[in-house]
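> Make a model of the complete structure from these sequences and hints.
Chains as they are written, first to last, in our numbering: chain H, 1 to 458; chain S, 1 to 461.
Think of the hints as simulated: they come from the structure by calculation, not from any bench.
Here the structure is a predicted model, which means the values were calculated and not measured.
Don't take every hint at face value.
Said to hold, decoys possible - The list that follows gives simulated cross-link-like pairs (lysine to aspartate or glutamate, EDC-like), each with its CA atoms no further than 20 Å apart:
#, chain 1, residue 1, chain 2, residue 2
1, S, Lys308, H, Glu86
2, S, Lys308, H, Asp138
3, H, Lys196, H, Asp138
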Amino acid sequence: MSRSRTLIAALWLSVTPAAFAAAPVHEFTLDNGLKILVREDHRAPVVVSQVWYKVGSSYEPSDLTGISHLLEHMMFKGTPTVPGGEFSRLIAANGGDENAFTSRDYTAYFQTLEKERLELSFRLEADRMRHLLLKPEDVSKEAQVVTEERRLRTEDQPESLTSERFNAAAYLTSPYRNPIIGWMQDIQALSLNDLKRWYQQWYAPNNATLVVVGDVDPAQVRDLARKYFGPLPPSELTPPKPTTEIPQLGERRIAVKTPAEVPYVLLGYKAPTLKTATEAWEPYALDVLEGILDGGNGGRISRNLVRGSQIAAAAGSGYNPTSRLEELFLLAGNPAPGHTSAELEQALRAEVAQLREERVSPEELARVVAQAAASDVYQQDSLFYQGMRLGMLETVGLGWNRLDDYVQRLQAVTPEQVREVARKYLTDDRLTVATLEPLPLDGRRPAAPGAGMGHAIR
Amino acid sequence: MPHLKSSLSGLLAATLLLVSSLAQAIPEIQNWRTVNGVPVYFIAARELPMVDAQILFGAGSVRDGERPGLAKLTNGLLEEGAGDWSADTIADRLDQVGARLETSSRRDSASVALRSLTDPRYLQPAVETVARLLKEPTFAPDAVERVRQQMLTALQERAQSPGAIAQDAFFKALYGDHPYGSPSDGAPASLNAIARADIQDFHRRYYTAANAVVAIVGDLDRPAAEQLANALVGGLPKGELVPPPPPVPALAASQTIRIPHPSSQSHILIGQLGVSRADPDYYALYLGNHVLGGNGLVSQLSQEIREKRGLAYGAYSAFSPMRQTGPFLINLQTRNDQADTALQVAQTTLRQFSADGPDPQMLEEARQNITGGFALDLAGNGKLANYLGLIAFYGLPLDYLQTFIGTMNGISLEQVKSAWQRHIQPERQIVVIVGGGQNAPTPSSPTGAPPSPTPPEPARS
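Structure, rendered in structure tokens:
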């Protein structure tokens, strides 16, 4: 077994540099500052169009949490020329798919359409970029919808609730301490004027990136974009005030007691990102380290904690190197029956300690690189994901091409560098721990369950 | 809204042009059998150097018998040891070549899905691994125990989720003692009672050539695809064809089930028996449901519940056809004190839709969404592979993709209305409401059963 492993690892080292190349990206900028990124993908007669705004929950002052997300909902409520609901109806009647999402560092809107319909997307998106009508009755109703969304996704989900409280404990001054959807009291208190100001402040061509991926001609896309977005005036932008997290001065812990059945423990170490790192290689080393712990079913957490000691029923790690501000390197899991959250926490910390003490093996490094190289190809199967990657990198300020050499960067990481970032960042003084402590669900026993049914077809 | 009408005719004209250009883009399905008789469905996609291969067996929870959870446990154990390979070895063999493996178990089918690069240096070790875990899983006692414990934890997670509790109760009430009523994730007593020999027997009986289909999408020519299929399943024993599950008996009476839960929202399910995959009415019902609740924010349920009243984040409806009669289900969640109002609005909307049929313009726009959006469903190997797996498992015609748009265009409003009225009977309805909050009264009869598909992805984050 170990022989074949070495052989395959060697193969990868010789092969990955010639990894499959993605189609080139065409970049344009309109006079009003709108950036346009186009990637051709002619596999199907389809196009995805995304508009990315440089605004998200990390731009919000502490009394307006959730305003970016509520505004995202309001963007479907109409303009003087396109009445409320008409945007979605037109896209649907043209065979399109559409939606939007808000994150900490961006808000994005997208449509997927048959390629000949791209113009419809541009016409509608350009219109609502500067001409949104915000009506009081719509605001109060949509705020209700968002409170229902919050109940569905956070309040009634014990692990999401724990994660929300965890962020609020781990960060003191960073806006990452606030949930993207906002605190319930803030959602209910957001006013029409708050929303109008937020819209005026951030929705402008010079604060946006238009990303188009699909069966298109880049020059035609540029001309079409110029026609619809070109006339929009730019805004004078005031960048958000610096909101860095103050240094952590020791380990923090919180407990979350809520009706639940399954305990959960969440650990996070403050860690730099591509945007915040002073040493350019460090985020790549952290990414490799994450892959060592949780890359595939052969990662150390699955091997040692789920299968080996069987302390965890499920566990994993997470690290997002593309965040705009300092991040948390996460470890989380559910203890297996007969084990406690405390045992699982100790086991996860022991894995981290081992990374601080010992160098990882070349085979483990090769495994992480192999998975990254394969993922690079797999990701090109999705038009949406290709656009997502370009738009997200551009919007957080890294530049859309920042990860073009991603696999080579991972490949350059050494066992010593993995140990170094573990020693530097995965330390007790940078750690926050949250535990979900289940309260009884009225003493009821689990209901009998089931899995999904036959597949769905449209 | 007169301007809608005028823009509509323009849209229709454009759609007709569009359909012909799309038809050429719809990929062709090739079909043959492996040396040991397994049907193979293949679409060549030569642009990206990757391949998706799904192997599906008639080995879902419908085969659980007296042991709810057996199908899922068996499926989950495949990658936990095979031949002389441990779970660690299997994981290493796949991780080292960047391959991805997914096992999953539903009501009708259980499957293994492989995604790999097509370079033989990576593909070959991955295929060898999958072939062996299909044919010679070891079901080692320690792995059985570990996965059993993981499934017990998953049951506990379902018990803290009002949505999962509602799904379970709905399926129990809808299907009763029919095998579709058996909880796919198992139940604590039954999971604890499953012996290793039960799992070995289940595997021997259902993971056979006679009970398998293969779907492949990727950068291969025909000979290479034939070779791949043979390598994956050519070693499986012939086995015996398993008869289809028994027909589903009609629902005797309506039933409303209220289950207290400390959640801040009430999860409301309204549903009944729908149709089987083979029922020719499915397409008319599907088209009609696109108007009622299958088309996101544009659908009537969303309009009435979310857009007009702000009562819920999502309100959807869907038919989920299976080998035998699958469910029709409306799904929404709202703050506890609004539960009765939301239920009433949903029921009224359904009743009116069933009685009056769809609005003509809304029907045309729904049709345009389906036909004009069909190319979107086929854009990408992953999407194609899921479609192909479905076509393969249910034995749908080889020209299914080519004829789908034509089928949709051929359905009249009267056909939709008639199909709807024959199949949707408000007097035979199951309603489940889970919620009530911290002060919810203690349940009189805790109930349990299996769920349906995960609700459609909610609109808007």
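> Please verify whether lysine 308(S) and aspartate 138(H) have alpha carbons no more than 20 Å apart.
Holds, because 9 Å separates the two Cα atoms, which is no more than 20 Å.
> Is the straight-line distance between the alpha-carbon of lysine 196(H) and that of aspartate 138(H) 20 Å or less?
holds, 13 Å
> Is it true that the CA of lysine 308(S) sits at most 20 Å from the CA of glutamate 86(H)?
holds, 14 Å
In this structure, none of the earlier numbered hints is contradicted; all agree with it.
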